[in-house]
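A.B. asks: Numbers 3 to 390, taken from my numbering, label the letters of the sequence shown in order.
Read the hints as simulated data drawn from the structure, not as lab findings. Please note that a few of the clues may not be correct.
[Claimed, not checked] Label pairs and their computed distance ranges (CB to CB):
1. Pro120 x Ala339: 25 to 33 Å
2. Asp350 x Thr370: 29 to 37 Å
3. Val274 x Thr241: 51 to 59 Å
4. Arg75 x Asp350: 53 to 61 Å
5. Glu45 x Gln202: 21 to 29 Å
[What the hints assert, rightly or not] Calculated cross-link-like contacts (lysine to aspartate or glutamate; reagent style EDC-like; alpha-carbon spacing at most 16 Å):
6. Lys60 x Asp46
7. Lys201 x Glu279
8. Lys4 x Asp376
These numbers come from a predicted model, not from an experiment. For every residue, glycine included, the Cβ atom is placed at its ideal position computed from N, Cα and C.
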Amino acid sequence: MKIVDVAEFYAELGGGVRTYINQKLEAGARAGHEVVVIAPGPEDGEEERLGGRICWVKGPPMPFDPRYYVLWRERAVHRILDREAPDVVEGSSPWSGGWFVARWPGRAVKTFIFHQDPVAVYPQTFLGHRLGIDRVDRMFGWYWAYLRSLSAHFDATVVSGEWLADKLDRFGVRRAEAVPFGIDKARFSSSRRDAAVRKQMLERCGLGEEASLLMTISRFHPEKRLGTLLDAFRRASATRPMGLVIYGDGPLRRWVQRHAAEVPGVHLAGFVTDRNEIATSLASADAMLHGSAAETYGLVVAEAICSGLPIIVPNQGGAADLADPSYSETYAPGDVADCAVAIGALLDRDRDTLVAACARAAQHEVGTMDEHFDQLFELYERLIEEAS
């Protein structure tokens with residue numbers, strides 16, 4: 003099977019999109035599929051990469067982020083698609099990349115890749131607590147109409163979470179198929195739990211070993227609702243000793259630093275690139291505290307579960323998809339009081355029972371990225387069979 007991904011936001015210095023597509027190139031090669039990526043770059047060109055190929059289409063740098071380039075030459079993209087004659091072509095963006103695939107007249111199966119929810123990221127983050135999530139969704143009916151129009155040109159819409167598939171179904175987006183992401187289960191394991199690491203993290207919070215230890219991993223961005231977490235932690239920690247270690251960085255760094263400095267028991271650990279350190283820290287904490295209700299799949303939440311860490315998460319979004327009651331407490335997104343109650347409720351439960359439930363979920367509910375791509379390629383084979 004030949005798969006061509008028209009990837010508008012793939013770039014040499016890119017972040018999550020680049021990582022994901024590189025993993026897909028490798029997974030395709032292992033499975034015997036040919037994966038070709040069409041992406042914008044500084045010059046036209048072609049190169050072999052990770053068992054597949056990249057076809058660069060020259061475009062100008064993006065005005066606000068010169069790491070990326072603009073995909074704007076539709077005819078050039080169509081010429082490459084004509085030449086490659088793929089079995090499946092992916093439109094990995096709801097903007098020009100998606101429309102370039104939608105308007106290509108070839109006979110390949112077409113899939114619309116939708117791994118984000120802009121309405122959840124901004125409008126619901128700022129307005130959802132006041133107006134309600136459903137009302138905010140209805141306010142942006144024009145956006146759902148836009149997605150319906152685009153997705154009508156595709157055979158399926160691929161998302162990474164059941165909650166988002168259900169949401170797109172409600173708004174009439176064409177054939178939403180959930181293919182959940184996965185994690186590195188060999189790295190994230192409860193076997194990494196280390197009493198000395200736990201003691202050290204609590205000391206950084208100014209606390210002794212008798213305190214409970216919560217952990218958050220988050221980009222410092224409005225959608226992550228760190229203000230909610232800090233205020234809820236302040237309330238919950240008034241009734242029992244507990245510390246909160248926050249890993250991450252981002253555009254709200256100064257605001258988070260000021261806010262955290264006002265809350266006793268909080269330590270900002272910064273952005274850490276060592277994944278083994280993160281894995282050991284997760285396994286050594288007592289619970290994960292999470293704020294975002296906009297993620298399509300809760301990657302750090304899945305890593306926490308596999309690390310034997312019970313979770314406190316919003317009852318909306320990708321994290322909620324992973325929040326079985328046997329090892330979690332949930333709260334209304336952005337609701338400080340509800341989050342504080344959830345923190346206390348989880349810490350009141352028997353830890354051994356919670357950890358055992360996490361272990362069962364890690365084995366049966368959380369997958370790996372290899373399993374994600376196996377499911378994706380199986381979906382594509384079914385779509386090809388249906389089309390024939």
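A.B. asks: Work down the list of hints and note, for each, if the structure agrees.
C.D. replies: Consistency of the hints with the structure:
no., hint, verdict
1, Pro120 x Ala339: 25 to 33 Å, "28 Å, holds"
2, Asp350 x Thr370: 29 to 37 Å, "33 Å, holds"
3, Val274 x Thr241: 51 to 59 Å, "30 Å, violated"
4, Arg75 x Asp350: 53 to 61 Å, "59 Å, holds"
5, Glu45 x Gln202: 21 to 29 Å, "49 Å, violated"
6, Lys60 x Asp46, "5 Å, holds"
7, Lys201 x Glu279, "15 Å, holds"
8, Lys4 x Asp376, "15 Å, holds"
Checked against the numbered hints listed earlier, the structure breaks hints 3 and 5; every other hint is satisfied.
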